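> Those sequence lines, one after another, are chains A and B.
The opening position of the first sequence corresponds to residue 1 in the UniProt record's numbering, with each subsequent residue numbered one higher.
The opening position of the second sequence corresponds to residue 1 in the UniProt record's numbering, with each subsequent residue numbered one higher.
It is worth saying that the hints were derived from the structure and are not from the lab.
Note that the structure is predicted; figures quoted are calculated from it, not measured.
Honestly, I wouldn't trust all of these hints.
What the hints assert, rightly or not - The list that follows gives simulated cross-link-like pairs (lysine-lysine, DSS-like), each with its CA atoms no further than 25 angstroms apart:
hint, chain 1, residue 1, chain 2, residue 2
1, B, 168, A, 634
2, B, 436, B, 504
3, A, 82, B, 125
4, A, 50, A, 99
5, B, 504, A, 609
6, A, 634, B, 655
7, B, 36, A, 103
Unchecked claim - Counterexamples of contact, computed for chain B against chain A with all Cβ distances above 12 angstroms:
hint, residue
8, 44
9, 71
10, 147
11, 193
12, 280
13, 330
14, 367
Every residue gets a Cβ at the ideal spot worked out from N, C-alpha and C, and that includes glycine.
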Amino acid sequence: MKNCLLLLFLSIISIVASAQENYDVSLISKDLLPYASAVVRNNEVSVEVKDYDNTLYHIKTAVTILNKNGNNIADIVVWHNKSRVIKSIKGIVYNQFGKQVNKFSESDFEDVNAQDGFSLFQDLKVKHYNPAVTDYPYTIVYEYEVKSKQSLNFSDWEPNSTTGQAVEKSSYTFSCKPDFNIRYKEINMPAKVVIGTNKDGYKTYTWQVNNLKAIKDEPYSPNEDKYLSSVKIAPEKFSYEGITGSFSNWKEMGKWIYDKLLASRLQVPGATASYMKQLTDSITNPKLKAQKIYEYMQGKTHYISVQVGIGGYQPFLAADVDQQNYGDCKALVNYTQALFKTVNIDSYYCIVEAGSRKQSPLNDFASMNQFDHVILCLPFKNDTTFLECTSQKIPFGFLSDFTDDRTVLACTPEGGKLLHTPKYTASNNLQQRKATFVLDTQGNLSGQMQTIFKGTQYDNREGIIEEAPKERIKNLQKEYAINNMDIEKVDFKQDKSLHPITTETIKLSAGEYGSVNDGKITFLANATNRSHNVPREIRNRRHEVYINRGYTDEDEIVYTLPAGYHIDLRPTDVSINKPFGKFSATIMVKGNELVYKRHVQLIDGTYSKDIYQNLIDFFQAIVESDDNNVTLAKGN
Amino acid sequence: MKKLLLITLLSFGLQHLSIAQDFKEGFVQEEVDMKKYDKDTAAHAVFLNEFGNSRMDVTSDDRIGLIYNYHAKIKIFDNKGFSSGTIEIPVHNGDNVTEEVTDISGTTYYKDDNGLMQKLDLDPKKIFKVKDYKYQSTIKFALPGLRPGCVIEFRYRLTSPFWDNFRKWEFQDDIPKIYSQYEVHIPGFWTFNASLRGPYKLTKNSSELERECFTSHGSKSDCSHLVYGMKDIPAFVEEDYMTSPKNFLSAIYFELVEWTNPYTGAKTRETKEWKDIDHQLKIEDGFGSQLKRKDLMKERMDPIIAGKTTEMDKATAIYAYLQKWYKWNDYIGISSSDGIKRAMDAHTGSIADINLTLITALNAAGINTEAVLLSTREHGNINTLYPVISDFNYVVAKANIDGKSYYLDASDPLLSFGVLPLKCLNDKGRVISLDKPSYWVELSTLQKTSEIHTLDLTLLDNGKIKGTITNYYNGYKAYTQRKAIKKFNSVDEYIEDLDGKLPKIKILKSNISNLDSLNQPLGEIFEVEIDAYDNMNKARLVFNPFFWEKRTTNPFKLAERDYPVDWGMASDNRLVLNMHLPAQYVIETPPQVVAFALPNSGGMFVTNFDSHDNEFTFSNMTRFTKAIYTPEEYPYLKELYNKIVLTEKTDMVFKKK
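Use the sequences and the hints to build the structure in full.
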């Protein structure tokens, strides 16, 4: 009974305490309003490590939602599972004058399984709630406490990573017992850490930021760690799902991963081992041996993700994959590694941040949460080959745009090693097309074209190749903006070598490709590869211009023109040469042939923000040129 | 509207197991040796056999329920077919009761590396249950040991307390099927209507009487044992611009007509006639009872309509008030679960909560308003042969003012009075009121959308074009355009973004009118400067009069379609361009003047040109008078677009005198 009374008393205190803060919307500085749909009035994150298996997160947020677009920022989302337990959630809604209009508690939240869209199952649940308020602006103030049973990962503090949200004040306090040592990394932080001791004798590390303006999306922005403020924290010693350890650099982290999470997972059944030997018996070159086994693995397995407990970091046993024929990236890499081991080929389990946008871990700060994928590395002498193990069709040694050109951590028995994956350059990433078309007096077009796709552009037709013949044609009709295109025949060839090439051959016709009017025929010179997108202009651009990956497109079209016509109007040739790219489009007439050539190259790199307008002009010039007509008239 | 029969008497009855005509478990050699499916050689996987069996019976908790057994065998040809080896079974949760899936088993038959046949069973520990949201969970599992060429087989039992919602059967899937069979056992206490949708015919259709197949607490009944089978069913392939695949997929649906309580003998007619449904809805807690709460609404609406005299003024005021009052919780439905008072007090609710509030509020203000039950585009078409209440998943208001009907959905604050969201423009709606018999109303012809663009431009000697561009949006387009503008925090931010997206066009001044006056056309006026020509020292200048909205490719690619094109509404798009040229230029090549029309006044594309001296006016109009075009009309529609593309491709030429 007494406990109950005490609790009641405390909760009154806390409401009184929060009511003292003034959430009147008129108090928000005008400087924070541009591009903001919401303003964080105050966000206090406190992380308290009480023990290796007991970390307490206390989060208190006051956020003002200015208009309907900010509603998603009012979503309160709390993750939980067996090792991350919600202790309490509560909140209050205030109107624009800072007057309380509503309250909510944990029972208002809906609890569902977290679903990432590709996993079969994850042992992660999410409690979520969005208060129903229809009078804008309004302010919600909520706090929750979560107990985490591990001390390996601490979420990064990112005071403003949401587009359309400004921040009045945000602070982060990390506290721990004096013997719990941490490393921390401040990224783009306007103010440094304040270190102290609290009343419990805990060490405290505190960061605070004030008055951060809303982020605006800018096309061709660099990676977020180039401009957003954040703090990363990693422990010296830790416990995770009952496994303990310590590391302070990449070498030690890789060693810990290898010893504790990987070393015991590599056994495959004897039958499989002897089959691998039999499969590769006649091959002497170890790389070709590896290729044979890799292709066997690709034919046998497929990707299915199940994440439970330590399984978020530790692969399934190789023997399980051997039987079930499926696994996630960890499981399939570990399985491939185990298969290689049966024929004495060494390989490294490499953790990486995957995605088309290239992202590398910090060189000088080792922590577990900088990765989301695993690939395999074959460290042959003078030849390091990386393998993507989750695809059934990707060629041996090819990474495409998923894990190319970035730093990965190889977890080896000798410890972690930072390696760099191969880069596919602007001239490697080539799409090269040659077409020969005949145009008749009715404007009808017929002929054929052949296109080769190399580098990361090798992937351009992967989706279409998978389709049934009818669907292939439908998709190609969408791919090519040739009006009324009928595809008589299409053929794909794939060279699946280390530098793979897709070759597409299409025989086509297109009725009324040219428009016939008043005895003249008007047609688009560029039938095959028209660009429509120009990045939008940005007033007062803040970020440097970053081109993540380069490419080259070449198109050459030879038109045989109908007899008895001459060229009445033709576009002028274009040639642009910039540090970030080249473009040219030319027309040559020889007898009754018109030859159109187009060349586009975009060169990856980071450029000054001042060239952004040049980049827009560059793409605009391409769009305009691609839209140019040639007009033919009768007579010579 | 779900019903449960809880049996309180002690049970003597023997659980009757009817003998199902299920196919034999296990594989045969030719299934493993099969290299491709002859009738669809591109298929990555094919159902070799599929069997389902549903019966009404007494479930383990002594309630009457529906017991559904499913059994399938699939051949997987290559690794692109592996996705057919991951099984997801949706499970519906009610407020207090839920469906259960039990007896899951799965086996993979495959040839191992040495060419020997092996079988591998699904590990029960690798079956997962995921809660998606309040009313739905999913059981998921992946069959083990898949390899190209393998055969998988799995079965499960689903026990459902929602027996009035008899299990449908989809013969067609996204992979082809060699054979699919569904058997149902319905005790004489219940009567269902069965309806077959889709283009394919049953290859087996038999019925027989089963003696005393249902026994519970002394009540006995014979059953109808019905068998539906279909052979060689092609994969279902979606097309662009179509509505719900459900309208076209081959499937069999069941609807409860009447039932007799096995213990009391009381007979309940379910869906015999609309007048029964009307009556049922009128007394339903979540529907009719809410519509009767006029007193509650009168009290709340009186201040809103104070001083308003006409019905129209009152109706628009109430509509606008509720649009702003409610935040839709993303649930749809036709029944208010907690009632409109609680929903109103919470400022949030489902479609039923919001629109039943609206209907009641309008009636309370003396405006004759009916409810319209409908099925959203995603949910599929309505069965109009006999009433099927579960066909409906959405409710809107129909306010009758001065002899006109206005259809209203208050769940979206940007909808104008009388405009429904696209998702509602599907097939027919059933109009329900407390005092009249219900009737059908056609929803696919309800609405139209239109836009008018007026460009008044002058080409200057320096190669720039200056002038104004005026856009007016009406009907649905006004709604989508308001949404696009409101995506930004202010009109200035919208203009900044628009200006940024038009690199050649500088917006010098702008004015957006009626952004928040939802019942007026939305207007945009831009004063612009266009970088048209770098170099005016040319004898001929090329100009495309369609530059503001040019269509360069035909959206219709297929030579023919299997399913109708369904845009949801008719549309009308006009553009008028007035242009002044510098004195030294004349028009050498005018734009094409054309008029193309669809048969039966289905639509048209028309251009007009008029010039004198160095001025010209060019206008064009694209009009589609219907929402839906049948596969027979499709070739004409495609050809009309072809002509549009050809016409818009042609440039004008201005020549120096």
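> Each hint: holds or not?
Now for the hints, and whether the structure bears them out:
1. B:168 <-> A:634: violated, 65 angstroms
2. B:436 <-> B:504: With a Cα-Cα distance of about 60 angstroms, the restraint between residue 436 (chain B) and residue 504 (chain B) is violated, given a limit of 25 angstroms.
3. A:82 <-> B:125: holds, 18 angstroms
4. A:50 <-> A:99: Judged against 25 angstroms, a Cα distance of about 37 angstroms means the pair is violated.
5. B:504 <-> A:609: holds, 20 angstroms
6. A:634 <-> B:655: holds, 19 angstroms
7. B:36 <-> A:103: Outside the cut-off at roughly 62 angstroms; violated.
8. 44: violated, 8 angstroms
9. 71: Residue 71 (chain B) is indeed farther than 12 angstroms from all Cβ atoms of chain A, at 22 angstroms.
10. 147: violated, 6 angstroms
11. 193: holds, 36 angstroms
12. 280: Given a closest Cβ separation of 31 angstroms, the condition holds.
13. 330: Residue 330 (chain B) not clear of chain A: closest Cβ-Cβ about 10 angstroms, inside 12 angstroms.
14. 367: holds, 23 angstroms
Taken one by one, the earlier hints fail for this structure at numbers 1, 2, 4, 7, 8, 10, 13, listed in ascending order.
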